[in-house]
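Place chain B on chain A using the hints.
Going down the list, the sequences are from chains A and B. Sequential numbering from 1 applies to the first sequence in the working numbering. Sequential numbering from 116 applies to the second sequence in the working numbering.
To be clear, the hints were calculated from the coordinates, so they are not data collected in a lab. Wrong hints could be hidden among the right ones.
[What the hints assert, rightly or not] When the alpha-carbon atoms are kept at most 25 angstroms apart in a straight line, the in silico SDA-like pairs for lysine to any residue are as follows:
| hint | chain 1 | residue 1 | chain 2 | residue 2 |
| --- | --- | --- | --- | --- |
| 1 | B | Lys223 | A | Gly42 |
| 2 | A | Lys9 | B | Arg153 |
| 3 | B | Lys185 | A | Gln41 |
| 4 | A | Lys57 | B | Lys185 |
| 5 | A | Lys57 | B | Gly216 |
| 6 | A | Lys57 | B | Gln152 |
| 7 | B | Lys174 | A | Glu103 |
| 8 | A | Lys57 | B | Asn186 |
| 9 | B | Lys174 | B | Glu130 |
| 10 | A | Lys57 | B | Gln117 |
| 11 | B | Lys151 | A | Leu88 |
| 12 | A | Lys57 | B | Gly209 |
| 13 | B | Lys172 | A | His102 |
| 14 | B | Lys151 | A | Ala87 |
| 15 | B | Lys151 | A | Thr7 |
| 16 | B | Lys151 | A | Leu30 |
| 17 | B | Lys185 | A | Arg55 |
| 18 | B | Lys151 | A | Gly3 |
| 19 | B | Lys151 | A | Glu103 |
| 20 | A | Lys57 | B | Gly116 |
| 21 | B | Lys171 | A | Glu103 |
| 22 | A | Lys57 | B | Gln163 |
| 23 | A | Lys57 | B | Met120 |
| 24 | B | Lys185 | A | Gln44 |
| 25 | A | Lys57 | A | Leu30 |
| 26 | B | Lys185 | B | Glu169 |
| 27 | B | Lys151 | A | Gln41 |
| 28 | B | Lys151 | A | Ser24 |
| 29 | B | Lys174 | A | His102 |
| 30 | B | Lys151 | A | Asp29 |
| 31 | A | Lys57 | B | Val165 |
| 32 | A | Lys9 | B | Gly155 |
| 33 | B | Lys172 | A | Asp1 |
| 34 | B | Lys151 | A | Asp1 |
[To be verified] Far from chain A, some chain B residues (derived; all Cβ distances over 12 angstroms):
| hint | residue |
| --- | --- |
| 35 | Thr143 |
| 36 | Gly168 |
| 37 | Glu169 |
| 38 | Lys174 |
| 39 | Gly181 |
| 40 | Glu182 |
These numbers come from a predicted model, not from an experiment. Every residue, glycine too, gets a C-beta built ideally from N, C-alpha and C.
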Amino acid sequence: DSGVTQTPKHLITATGQRVTLRCSPRSGDLSVYWYQQSLDQGLQFLIQYYNGEERAKGNILERFSAQQFPDLHSELNLSSLELGDSALYFCASSAVTSGSYHEQFFGPGTRLTVL
Amino acid sequence: GQQVMQIPQYQHVQEGEDFTTYCNSSTTLSNIQWYKQRPGGHPVFLIQLVKSGEVKKQKRLTFQFGEAKKNSSLHITATQTTDVGTYFCAGRAGNMLTFGGGTRLMVKP
Chain A
1 DSGVTQTPKH LITATGQRVT LRCSPRSGDL SVYWYQQSLD QGLQFLIQYY
51 NGEERAKGNI LERFSAQQFP DLHSELNLSS LELGDSALYF CASSAVTSGS
101 YHEQFFGPGT RLTVL
Chain B
116 GQQVMQIPQY QHVQEGEDFT TYCNSSTTLS NIQWYKQRPG GHPVFLIQLV
166 KSGEVKKQKR LTFQFGEAKK NSSLHITATQ TTDVGTYFCA GRAGNMLTFG
216 GGTRLMVKP
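Chain B with its partners taken away, still in its complex shape:
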């Protein structure tokens, strides 16, 4: 079945440093979604990418969808303590949405 791998599993950064998480799918995706889960909270939708090579920005967050629609990345510029949490990608193929294992971001003030 479809597999979505996410790396790294954990990332510690100093406040102000950049952060990137990568997502790779075993199959071509129709779209990819990103979610953020704060500690003790539930996943919250961030964005959806649909087109090959698409790039979207939300303030300090930049999301990319690969040309082959099998990989994606989330880059955070100048992290802040409010960015702490686990970031999940979720790739859709058909009517199945498969979540990656998540990248837990920890930010040292």
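So here's chain A without its partners, still in its complex pose:
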């Protein structure tokens, strides 16, 4: 158990819909990352937040957005869903000390299926 929780575990929805994925980082970790992993593919970095502020952006579509709340949990919003958005979405968290980033701890993921 990494200490990172993600809900829901599975999500099945239809094209055109909007969903929200939730992540709670490990206790004390200020940095949260979101990744997309399609079937048998690598990890595509979407976005990073640090203590409530966006820190880095990867290949995140305009239909996707995220935020980190004061209690440090994060939500990833996916809208106007397309079949190609079906994937495993991971959240990870890490500690940051003296400007140095430590290892990332991944949650169990949310499997999104768009029909």
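Frame of chain A, contents of chain B only:
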């Protein structure tokens, strides 16, 4: 932007054979991390290398960071069925951590 390439994409080995995956970055890295993802699981951190030319060992796993800090390798000696999974390198430059595409290791008993 920064790119991290990993080869091979797939590797089948007989149990007991050695295995190596290689990671190359388009830019100089401040550090590199390695993760393992078991089938159906999530990536789990293995190790971080920071210094040029650094070599670290974890039992049968040997990790190397190149002198130019642009490449790295993971070598597994005498693979076991428990080594099955996808191994990812992740290179850090600034505050960006870029994952390689991963090498999926399959071990035949």
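Cross-check of the supplied hints:
1. Restraint check for Lys223 (chain B) and Gly42 (chain A): the C-alpha separation of about 23 angstroms stays at or below 25 angstroms, so the hint holds.
2. At roughly 17 angstroms between alpha-carbon atoms, Lys9 (chain A) and Arg153 (chain B) fall within 25 angstroms of each other, so this suggested pair holds.
3. Pair hint Lys185 (chain B) plus Gln41 (chain A) holds up; C-alpha atoms about 23 angstroms apart against a cutoff of 25 angstroms.
4. Between Lys57 (chain A) and Lys185 (chain B) the alpha-carbon distance is near 22 angstroms, which keeps this suggested pair within the 25 angstroms criterion.
5. For a cut-off of 25 angstroms, the pair hint linking Lys57 (chain A) to Gly216 (chain B) stands: about 18 angstroms separates their Cα positions.
6. Proximity of Lys57 (chain A) to Gln152 (chain B) is assessed by CA-CA distance (about 23 angstroms); at most 25 angstroms being required, the pair is judged to hold.
7. The straight-line distance between the Cα atoms of Lys174 (chain B) and Glu103 (chain A) is roughly 20 angstroms, inside the 25 angstroms bound, and the hint therefore holds.
8. Note on Lys57 (chain A) and Asn186 (chain B): the hinted pairing holds, with a Cα-Cα distance of about 24 angstroms set against a maximum of 25 angstroms.
9. Taking the CA atoms of Lys174 (chain B) and Glu130 (chain B), the gap is near 16 angstroms; set against the 25 angstroms cutoff, the hint holds.
10. Only pairs whose Cα atoms come within 25 angstroms are accepted, and Lys57 (chain A) paired with Gln117 (chain B) is accepted, the gap being roughly 13 angstroms.
11. About 16 angstroms separates the Cα atoms of Lys151 (chain B) and Leu88 (chain A), which keeps this hinted pair within 25 angstroms; it holds.
12. Of the pairs offered as hints, the one joining Lys57 (chain A) and Gly209 (chain B) holds, with about 13 angstroms between alpha carbons and a cut-off of 25 angstroms not exceeded.
13. With a C-alpha separation of about 19 angstroms, the suggested pairing of Lys172 (chain B) with His102 (chain A) holds against the 25 angstroms cut-off.
14. For the hint linking Lys151 (chain B) to Ala87 (chain A), the alpha-carbon distance of about 19 angstroms falls within 25 angstroms, and the restraint holds.
15. Our distance criterion of 25 angstroms between C-alpha atoms is met by Lys151 (chain B) and Thr7 (chain A), whose separation comes to about 22 angstroms.
16. For the hint pairing Lys151 (chain B) with Leu30 (chain A), the CA-to-CA distance comes to about 23 angstroms; that is within 25 angstroms, so the pair holds.
17. Proposed proximity of Lys185 (chain B) and Arg55 (chain A) is supported: the alpha carbons are some 24 angstroms apart, at most 25 angstroms.
18. For the hint pairing Lys151 (chain B) with Gly3 (chain A), the CA-to-CA distance comes to about 17 angstroms; that is within 25 angstroms, so the pair holds.
19. With a CA separation close to 13 angstroms, the supplied pair Lys151 (chain B) and Glu103 (chain A) stays within the 25 angstroms bound.
20. Distance restraint check for Lys57 (chain A) and Gly116 (chain B): the Cα-Cα separation of roughly 12 angstroms lies within the 25 angstroms cut-off, and the hinted pair is therefore satisfied.
21. Distance restraint check for Lys171 (chain B) and Glu103 (chain A): the Cα-Cα separation of roughly 16 angstroms lies within the 25 angstroms cut-off, and the hinted pair is therefore satisfied.
22. For the proposed pair Lys57 (chain A) and Gln163 (chain B), the alpha carbon gap of about 23 angstroms is at most 25 angstroms, so the pair holds.
23. Proximity of Lys57 (chain A) to Met120 (chain B) is assessed by CA-CA distance (about 20 angstroms); at most 25 angstroms being required, the pair is judged to hold.
24. At most 25 angstroms may separate the alpha-carbon atoms for a hinted pair to count; Lys185 (chain B) and Gln44 (chain A) meet this at roughly 20 angstroms.
25. Taking the CA atoms of Lys57 (chain A) and Leu30 (chain A), the gap is about 17 angstroms. The hint holds against a cut of 25 angstroms.
26. At most 25 angstroms may separate the alpha-carbon atoms for a hinted pair to count; Lys185 (chain B) and Glu169 (chain B) meet this at roughly 12 angstroms.
27. Taking the CA atoms of Lys151 (chain B) and Gln41 (chain A), the gap is about 14 angstroms. The hint holds against a cut of 25 angstroms.
28. Between Lys151 (chain B) and Ser24 (chain A) the alpha-carbon distance is near 22 angstroms, which keeps this suggested pair within the 25 angstroms criterion.
29. Under the criterion of a C-alpha separation no larger than 25 angstroms, the hint pairing Lys174 (chain B) with His102 (chain A) is consistent with the structure, at around 22 angstroms.
30. Between Lys151 (chain B) and Asp29 (chain A) the alpha-carbon distance is near 21 angstroms, which keeps this suggested pair within the 25 angstroms criterion.
31. Restraint check for Lys57 (chain A) and Val165 (chain B): the C-alpha separation of about 24 angstroms stays at or below 25 angstroms, so the hint holds.
32. Taking the CA atoms of Lys9 (chain A) and Gly155 (chain B), the gap is near 12 angstroms; set against the 25 angstroms cutoff, the hint holds.
33. Between Lys172 (chain B) and Asp1 (chain A) the CA atoms are separated by roughly 24 angstroms; this keeps the pair inside 25 angstroms, and the hint holds.
34. For a cut-off of 25 angstroms, the pair hint linking Lys151 (chain B) to Asp1 (chain A) stands: about 15 angstroms separates their Cα positions.
35. The Cβ of Thr143 (chain B) sits about 17 angstroms from the closest Cβ of chain A, beyond the 12 angstroms cut-off, so the non-interface label holds.
36. Every CB of chain A lies more than 12 angstroms from the CB of Gly168 (chain B), the least distance being 20 angstroms, so the non-interface label holds.
37. With a minimum CB-CB distance of about 16 angstroms to chain A, Glu169 (chain B) clears the 12 angstroms threshold, and the non-interface call stands.
38. Interface exclusion of Lys174 (chain B) from chain A stands, the closest Cβ pair being 18 angstroms apart, more than 12 angstroms.
39. The claim that Gly181 (chain B) lies off the interface holds: its Cβ sits roughly 20 angstroms from the closest Cβ of chain A, which is beyond the 12 angstroms cut-off.
40. Even its closest Cβ contact with chain A, about 22 angstroms, leaves Glu182 (chain B) beyond 12 angstroms, as expected for a residue assigned away from the interface.
Consistency with the previously given hints is maintained throughout, with no hint failing.
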